[in-house]
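Required output: the full structure, derived from the provided sequences and hints.
Residues per chain, in single letters:
There are 2 protein chains.
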Amino acid sequence: MIKNKRLSAMNKPKDELVYVDKKGQRVELYSPTEMPEAGGFLWNKYMMVQFNCRGYAVGQFMQPEPSKYAYAPNLEAKTFMQPEHAYYANHPGRFFYIKDDDTGEVFSAPFEPTKTSLDYFCFSAGQNDIKWRIEALNIEVTIMVTLSDSDAIEMWELNVTNLDNKVRNISIYPYFTIGYMSWMNQSADFFPELNAIIATCISPYQKVEEYFARHNLKEKTFFIADTVPTSWCCNQKVFEGNSDVSFPDGIKAYALKQINSLYEVPAAVMQYQQCFQPEQRMNYRFLFGPASNDQQVSEIKNRYFGKTLCFDQEKNNYQHYVMQSSGPIKIDTGDNILDQFVNHWLPRQVFYLGDVNRLTTDPQTRNYLQDNLGMSYIAPNTARQAFITALSQQYQTGEMPDGILIHPDASLKYINQVPHTDHCLWLPICIQAYLNETNDLALLDQLVGFADNPNKQTVKQHIELALDWLIGARDERGLSYIAQGDWCDPMNMVGYKGRGVSTWLTLASAYAINTWIDICNDYQIEINSKYRAFAIQLNQAVNTHCWGGEWYSRGITDDNVSFGVADDKEGRIFLNPQSWAILSGAASTEQKGKLLAQIKQQLDTPFGTMMLAPSYTKMREDVGRVTQKFSGTAENGSIYNHAAIFYAYSLFKIGEGDKAFEVMRKMLPDDDFIQRGQLPTFIPNYYRGAYYQHPRTAGRSSQLFNTGTVSWFYRCVIECIAGLVGHKGDLLIKPQLPTHWPKLSVNRKFNGSIFEVEITKSKQVSQQTIQVNGSYITSNRITNIVAGKNYLVKVLIPAQSELIIIMGVSGCGKSTIAKQVSQQYNYKYIEADDFHSKDSIEMMAKGIPLTDVQRGPWIDKICACLQKEFMKDNGCVLAYSGLRAEHREKFRQLGFVTRFVFLDVDEKQISKRLKARNSHFFKADLLASQFVALQRPKGELDVYQIDANQPQASVLGQIVTHLKKGDA
Amino acid sequence: MIKNKRLSAMNKPKDELVYVDKKGQRVELYSPTEMPEAGGFLWNKYMMVQFNCRGYAVGQFMQPEPSKYAYAPNLEAKTFMQPEHAYYANHPGRFFYIKDDDTGEVFSAPFEPTKTSLDYFCFSAGQNDIKWRIEALNIEVTIMVTLSDSDAIEMWELNVTNLDNKVRNISIYPYFTIGYMSWMNQSADFFPELNAIIATCISPYQKVEEYFARHNLKEKTFFIADTVPTSWCCNQKVFEGNSDVSFPDGIKAYALKQINSLYEVPAAVMQYQQCFQPEQRMNYRFLFGPASNDQQVSEIKNRYFGKTLCFDQEKNNYQHYVMQSSGPIKIDTGDNILDQFVNHWLPRQVFYLGDVNRLTTDPQTRNYLQDNLGMSYIAPNTARQAFITALSQQYQTGEMPDGILIHPDASLKYINQVPHTDHCLWLPICIQAYLNETNDLALLDQLVGFADNPNKQTVKQHIELALDWLIGARDERGLSYIAQGDWCDPMNMVGYKGRGVSTWLTLASAYAINTWIDICNDYQIEINSKYRAFAIQLNQAVNTHCWGGEWYSRGITDDNVSFGVADDKEGRIFLNPQSWAILSGAASTEQKGKLLAQIKQQLDTPFGTMMLAPSYTKMREDVGRVTQKFSGTAENGSIYNHAAIFYAYSLFKIGEGDKAFEVMRKMLPDDDFIQRGQLPTFIPNYYRGAYYQHPRTAGRSSQLFNTGTVSWFYRCVIECIAGLVGHKGDLLIKPQLPTHWPKLSVNRKFNGSIFEVEITKSKQVSQQTIQVNGSYITSNRITNIVAGKNYLVKVLIPAQSELIIIMGVSGCGKSTIAKQVSQQYNYKYIEADDFHSKDSIEMMAKGIPLTDVQRGPWIDKICACLQKEFMKDNGCVLAYSGLRAEHREKFRQLGFVTRFVFLDVDEKQISKRLKARNSHFFKADLLASQFVALQRPKGELDVYQIDANQPQASVLGQIVTHLKKGDA
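Top line first, the protein sequences correspond to chains A and B.
Each residue of the first sequence is one higher than the last, beginning at 1 in UniProt numbering.
Each residue of the second sequence is one higher than the last, beginning at 1 in UniProt numbering.
It is possible that some hints are incorrect.
It does not matter which identical chain is meant; a pair holds if it fits inside one copy or across any two.
[Claimed, not checked] SDA-like cross-link-like pairs, simulated, lysine to any residue; straight-line CA separation at most 20 Å:
hint, residue 1, residue 2
1, Lys237, Thr114
2, Lys307, Ala787
3, Lys330, Lys749
4, Lys413, Tyr205
5, Lys237, Pro695
6, Lys868, Gly856
7, Lys237, Ser31
8, Lys413, Thr382
9, Lys207, Met619
10, Lys218, Ile654
11, Lys115, Asn242
12, Lys868, Phe835
13, Lys218, Asn381
14, Lys207, Glu621
15, Lys618, Leu217
16, Lys749, Ala533
17, Lys237, Glu34
18, Lys220, Met619
19, Lys618, Asn216
20, Lys964, Asn260
21, Lys912, Tyr523
22, Lys115, Phe247
23, Lys789, Asn439
24, Lys618, Ile202
25, Lys257, Pro695
26, Lys890, Ala533
27, Lys618, Asn260
28, Lys838, Cys865
29, Lys618, Ala566
Since the hints were made in silico from the structure, they are not lab data.
The model shown is predicted, which means the values in this text are computed figures rather than measured ones.
This is the structure in C-alpha cells:
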C-alpha cells in the first residue's frame, strides 16, 4: 500500500526502459545498467554539472576560468568533459549508502558505488532538477538535486522511507567525493558550528604574479547538512580503509571514524543513525559547492537553511532561471520524443549554450555566432549583444578573430590560437536568422568599433568587410584558402603552407554572400553589385575545380591534390561540401541528384548521416589532424550532428523535406537507446560513425551537449518543418511536413503575438490554403501583425496518398510484412502475385523463370490496380518482388508518394525457408534465377534496405520505426 | 615439504614486518596492509617506475619529455610522482588474478585489486629487481620485475605453483592496466602473430608545428607474452563489466571476452587456463612498455623472447647497469639498516639521481650541481662533465641560470622560469668535493664558454665570476638579495620587489667563498684577497642584522621586516641559517651553543629535524608560497632531509659528531616503519613534520626519492663519520664515531687503491694513532698512495667511558630501566638512593622532603663513587631523580660522555603506582614536593625526555633505540 503512494512521483511505465513524459518536464530511465553513461545536465551562469544516472558527476564552475570543487582521485588535467567520458570506481560522484543497522545489509543510491541489485530504479532528468527513486531492502530512497540560480551550489534533498511494517535502525551515509585537490596543500575538517565539512586546497602555481591573480579564488569545497549527523569522516583513505569505495571500512563499522584530512585526500561523508518507525520517512538536505572562505560557507548555510522556506525559494529561483529557455514554438506531431524535445529540451539546450557561452571565457567565434543564431529565437537581446561583441573584436581588415573574449581577463586558448578561415561567413548567416525573427533592422546601422581601431562603423559595413576579407582570401582559381582549418578545425594541414583551398569554405562564402544579398534585398539596402558577381564566381570556381562527377571534393591541398574524391580510399566523400553546394546554389539539378545518391549510399546510417566516409585510419599528412582522430569519432567520420543539420537545412531548401526530416529525427535516440546510450534530452555533438568499419560501436553517443547543432535544429523546426518564418515583421507560412504526418499543430510566438497554427493534409485541396482567424488569406504571408493578439491559423496542404512497396525475392517474407504494415497504416494491402497470368503461374510451378517480356503485362495489371486506388485517395502497401529497376521506376510514376522497403536476404537462408513452405506455387528451384534477375537498388533514395535474415518481428519493428521517421 | 622448498628465495623471518638482508641486496616487507604506500623503484636511462608493494605503479619514460605508457583512468595532468602519492582503485598497476577454476575462488597477486587475505605475503625490493611471493588457496605465486638496460621496457616473470597434492584447474590472468590514453585517439587489440596486446593512442595537440615534433613519439603500449594465452581482453569496460576492478566480470566468467578497444579505455588482460599437477610449477614471462609502431613491438619480442637465454641476458645487462652505482665505501658498524643503506642503497640512489638527471631535461641548477657532488664519489667523470655543462650555461655576468638544459630540445620549465639567487654558490662547494675525491686539478684550468658568449675562460675564472655575482647581488647592509627565492624556492615573496634579503644566502655565500679560498690554498692557486674580506663582511653583516639573540633570522623582507625570529608565531625558527652560520664561521661559540639549544627545543623530533617551526598555517604575503604549503609538508616545516643533512654536515664541522649522527640516523626508518610507511631503501625528500601541530601524521614519508639529501649524506659518511677524506691525492683520516660505537670497519676505495680501515676506540690511547700496513704514521695523512695497492689501516681513537643517567621523580620506574640499560651495555649499575644518609632516609619515611642543602652531600657521595668508576674506565648507568639542574651539571663535569634520560610522568599516575609499592622507603606523600622541586630540563641538549606513562616495555624499547642512535 505504502509503495503505491510513493510511486506517484516517479512511476515506472510497464516494460519501458525510457519514458518521456508528455509535458516535456522529465525523461526517465529505469535501469542503472543498460545505459550506464546516460545522465542529465544542470547549469547556471556559474557552473555546469553532468549527473550520470549511476551517481557519478562531471562538473565545473567559473572563476572566471573553469575550476573544480569535486576532483578526480589524482592530479587531473584541466579539460571540459571528455567525449564518451570514462567513469571509473573513484570517479567524482555523489553517493548515498544505506545500511540496515540491524542486519548489516547495505546498498547505495543511486547505484554506485556498491552496485547492489535494486528492487526499483528510476533516474529522472528534469528541466531544472535531477531525481532518482530507488528501492532496496524494503527502503525507499528518493534523491533530488538542483542548482542555485545565483551561485555555484548544488542543492540536494534526500528522502528515506522505511517501507516495512516493523521498526528498523537504519544508517544513512551521504558520501560526496572531493578527491585529490592539490599536491601543494589540501585538508578537510568537520565544523560543528556550521554542520559542514569544509575541504581546503591551494592549487599549485609557480610565479609570483600568479599569486595576485588568485586572491578571490574559491578553493574550498563545502558540504553543508541541514541535520546534525551522528558521525562524519573527512578522509578518503580512512573512510575506504583496506576496502574500497564499493564497500568502505567506514560503512562496515558501526560508526564513522571522525578523522580529518591533513594533506590527505579529502572526502565528505556523514552518517545518520536513525530509528525508523514503520512507514516513517526522513528528509535531509545538503549543499555542495565551492567557497572562498569559512565565512562564505556560513553565509551560504544561513541563506539556504536559515529560514524555513528559503531552500524552496532558491529551488524556485533556479526553476525560473531555466524557464527563461522557453522558446517561441510548441509543436504537436504525435511523435512524443520529438515533440517533447522540440518544445522543452531543445530550447533548454540552445539557451544553455547561448546564455553561458559554453562556460568558457573565449568561445570560438563560429560557435559564439551560431549559438546566438539559436538565441535569436529565445533571447533576441542576448543574441544582438553577442553579435555586437563579436563584431567589436573584428579587425579592420575584415578578419574575425578565432575566438571572442567575453571576460576582461580572458585570453585566447587552445584551438583559438590556431588560425582559422571561416569565422567571417557566419556573420550574415546568423544575423539573417536574427533579423527574420526580430525585424530589428536597426542592428545593421548600429555603430561598432574594431579590435585594432576604436573608430566605429556600422554593422552593415562590418559585415561587408568580413565578406571582402573572404573574397580576398582566395587563390588564382578563385577558391578559398583554408590555412590551418575552416569550420573543420582539425583539418589543419590541407593549407598550412598557404596554398591549400577548401571547397566547403568557397561554397560557404558564396552562401554567405547570397545571404547578405537576400538581406539587403529584403530591406532595400543598397548593395554593391560586385557581391552577386563574386558569389557566382565562387560557385563557378568550385564547379570547375571541385566537382568530381558524382560529388564535390572537400578541397585541394597545398600540393594541389584534390581530396574527398573517388580515388581516395579513406575520406572519399565529405558531407559538408555537398550540403553547402545545395545551399550556395552551385549544384545543378543533375549534380544534386548525383550527390544525394552518393550521400545515401556512402554516408547514411541508421544513426544519422556521417560527416565523411570511410573514416581515416591513419595520418594523412596533407589533410591533417582530423585523420588522426579515432575512426568514427568527432570530425573523423562520426555522425557529427552539426554537419548533419547543415545537410538537413540544405535538403529543406530544395524541398526534400522527407529526407531532411529523416536526418533530423536520427539525432534523437528512440528505439535504439541502448546502442546510443543517451536519453533524448539533448543532441550530442556526435554519435559514433564508421558504421561499416566499426559496427560494434556505431551510434554510441559522445554525451557532449556542447554543439552548434541545436541552433540549426531549432531553426529547421521553426523555419522549415513548421515553416513559420519571420520576414520583415510578417510571418510566412510554408510548412514541409514529412509524408507520414497527417497534420501538425503549432503554437508559435512571433512579434509579440501568439499563432495557433493547425496544418492539415487534405485531399480536398490541390494547393496550400490558409485561414487566419476564420478568414482566408491569398498569399502565404500574415501581415500587419498586432502585438499581443492571438491568431488562429488553419492551413490546409494537399495530401498525397502513399504507396509502400515491400520488395525482395520469393520467400523473403514480404507478404507477411506488407500485411502487417498495411494494418498499421490502415492502407490497402495488394499482393503482386495475385496479378500473375495463369500461364505464368504454370511456368513457375514447373520451375521455369519468367522473362522480362512476360513480366511486362503483369506489372501493367498491378499498375492499373494501383491507379484506381490512387484515384480513391487510398494509401497502399504492395508486396512485390521488385527485381527490375525499370519496373520499380514505373511505380514511382503513379502519383503516389512512393517508398520501397527492400528485404535483403541471404540465398542459403531463403532456400531453407522456401523448402519449408509447400502451399506457394513458386518453386524453390526458381530462387537462383531470382537472384540472377535481381537488380539491387543502387542510388535509389526512396529504398530502405534491411537485413531480412533476422527474426521477422525484429524486421517488422525496424521497418515501422523507419517508416515513421520518414526513412526512405 | 614443498612449501619449505619455495621459501628459500624469500623467507620470512619470524615476527618481523621488515627485513633488511645482510648483503644489502634486498629489503623485504611482510604485510601488504601495514605500510600500504611502501614500494621500491627501478630506473634506467630511459625510464623510472615506482612499484608499490600492493601492485600499483607510477612510471614515466623519456622521449625526451616525460611520457606515460600506463595511464590513469582519466586525463591526468603531466607530473612526476606526487609527494605522498595517492593510490586508488583504478590507479595504474600490474596485477595477477589467480582463479581456482574448480571452485571459482579468486585472489590477486601481489595484493590489489581483490585485496583477498593471503596466507603469505612478501614484497622484496632488490637492487635491480622487485619481487613478490604470495600464497593463497594453496597456490604459490612469485613475481619478478626488472627493467631492460637499453630501453623503456618492464620485464616480468611469473611463477605459479600448485602447492596441493591434487590436480587442479587454475586460471591465471595478468592484468596490466593501460588506462585513459587520450581523448583524441585510443584503441587496442590482440595481435596473435606477436602474442601481444598493443594499445595505440595519439595524445592531444593543437598546433601544426607540434605535429612535426611528434614524429618518433612512442605512443603505443605493448604487453607481450612468451606463452600463447587461452583468451584475452583489451577493453577495460568490457573486462570490468558491471563489477569493478576488485572482482571484474571478466574474471567471474569462464573465459575472457575477446573484445578490442575502439576509442574505449584500453587494458591488457590475458588468461591462461592451465591444469596443474600436484606441485607443478608454471612459468610465464611478459614485456610491458612503449613503442612507436608494431614493427618495433615485433623486434622487441624477438630480442627478448627470440632465443632461449636472451631474456636472462637482458636481465643481467640491467643488473650490470645498476652495479655501476657501487660506491667507494663500505662500512660495518653493526647497525644493519645503516650499513646496508650506506653500502648499497645510498650509492644506488645517488647514482640514480646523477646518471639520469632525475629524468628531466632541465634539472634545476642547484640540484644538478649537488647531484654531481654525489656522483663525484661514484662516477667522477660524469660529475666532471656535468660541472662543465653547467658552467657552459653560465652568463658572462657570472650568474648561473635557474636550470641546466641537458637535451638539445629542452627548454626551462616550471620553477626554472622563476628567478632564483643561490645557484652560483654551489659551484665551489660541489667542486671541492670532486677535487677532494679526484685531485683533478686540471678541471680548474679547463676552458669553458658561456651561454651568451662562446669565448672560453677557465673553470677557475667561471667560479670567481660566480662569486663576484654573489658578492654584487647584495644590499647596502651587505646582505644578499633573495629575489624570488634562494635554495628555498617557494620563499618567493620575501624579496620579489627587489629589496628583501636572505640570511641563509648571505651565509652560504660566505661559506662558498671560504670554500673557494680553501681550494685555492690547498692547490696554491693565487686568489684575490678581496674574497677573504668579502667572506668576513658577509658574516659580519649577518651578525649585525640577523642575529636575534638566540638564533639567526631567515631573512629581512622587502618591507624591512625580519622573519624567522622570536616574535613570529609561525616560522619562528628556520634550520638553514643556523647550520650555515656554523659552516660559514659566522656563529661564535656562544652563538653556536644558543642556536643548537634552540634547534633541539624547537625543531627536533623523533623523526628528524624540522626545517622550520611552527609550520605556517596561512599565507604570509611577505614570505610567500612556502607558507601556503600544507603545514608539515615539504618546505613548510617538514623534516626536509636536504636541510637536515646540511645541519648534520655543519655539526660534524664543529665536532658535534653524536648530534650529527643522530640527525642522519633519523633519515632512515627503523623501529617506526609503520608511521613512516617507507622501507629503508632510500631517503625521501621529506618526512612529515609539524610534529607538535599534527602529531597524527608526523613522520610519514613523502615516498619521493628525488632529493639532494643523498649526495650530502654520502659525503657525511665518507668524509665525516668514517673521516676518510681525499686531500690533494692523499687520504686524511679523521673519523667522528658516535659515542655508542666501539669501532668501525671501513672499506674505502680511493685513488685507485683499497683501504681496509679498522677504527677502534681504545682506552689505551689518549689521541688518535694510525698504523698503515703495520707501520705507524705520524700525521693523519696517508701520502704517496700507489694505485692498485691495498692498504691495511688500523686506527685507534681514545675511548671515553659513558655515563647514562636515568632520571625522574620517585616511582617513575628509573631503577628498573637503569638496571636493564646497564645490562644491555654491560655498564655498571649505580642506584643513587643507596647513597642517602640514614637521616635523610628517616626524614623521607616521615614524609618530610629533603632540602637542597641536604641533597648536597648526597650528590657528592654519588660523584665520588662515579669518579672511581671513571678511573677504571667503566661505563655507568645511574638511577637518580635528577630534580635540580645544578646537580645535573655536576655529573657532566666528571669526565664521562654523559647522557640523561628523563622519564617524564604524570603526577596522578605516579601517585597510583607509588601507593601500590610498599617496600620502598619513600612515601607517596612526598611526591607533590618532588614535583615542586623538579627543575625540568630545558635547553639541556644531552637530555632525552620520554613519556614514561606508557607501559615500561615500550619505554625501555624507545630508550634503547634512542641511545643506539646517539640520541642525547
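Of all the hints numbered above, which does this structure not satisfy? Sort the numbers upward. 2, 8, 10, 13, 16, 20, 21 and 26
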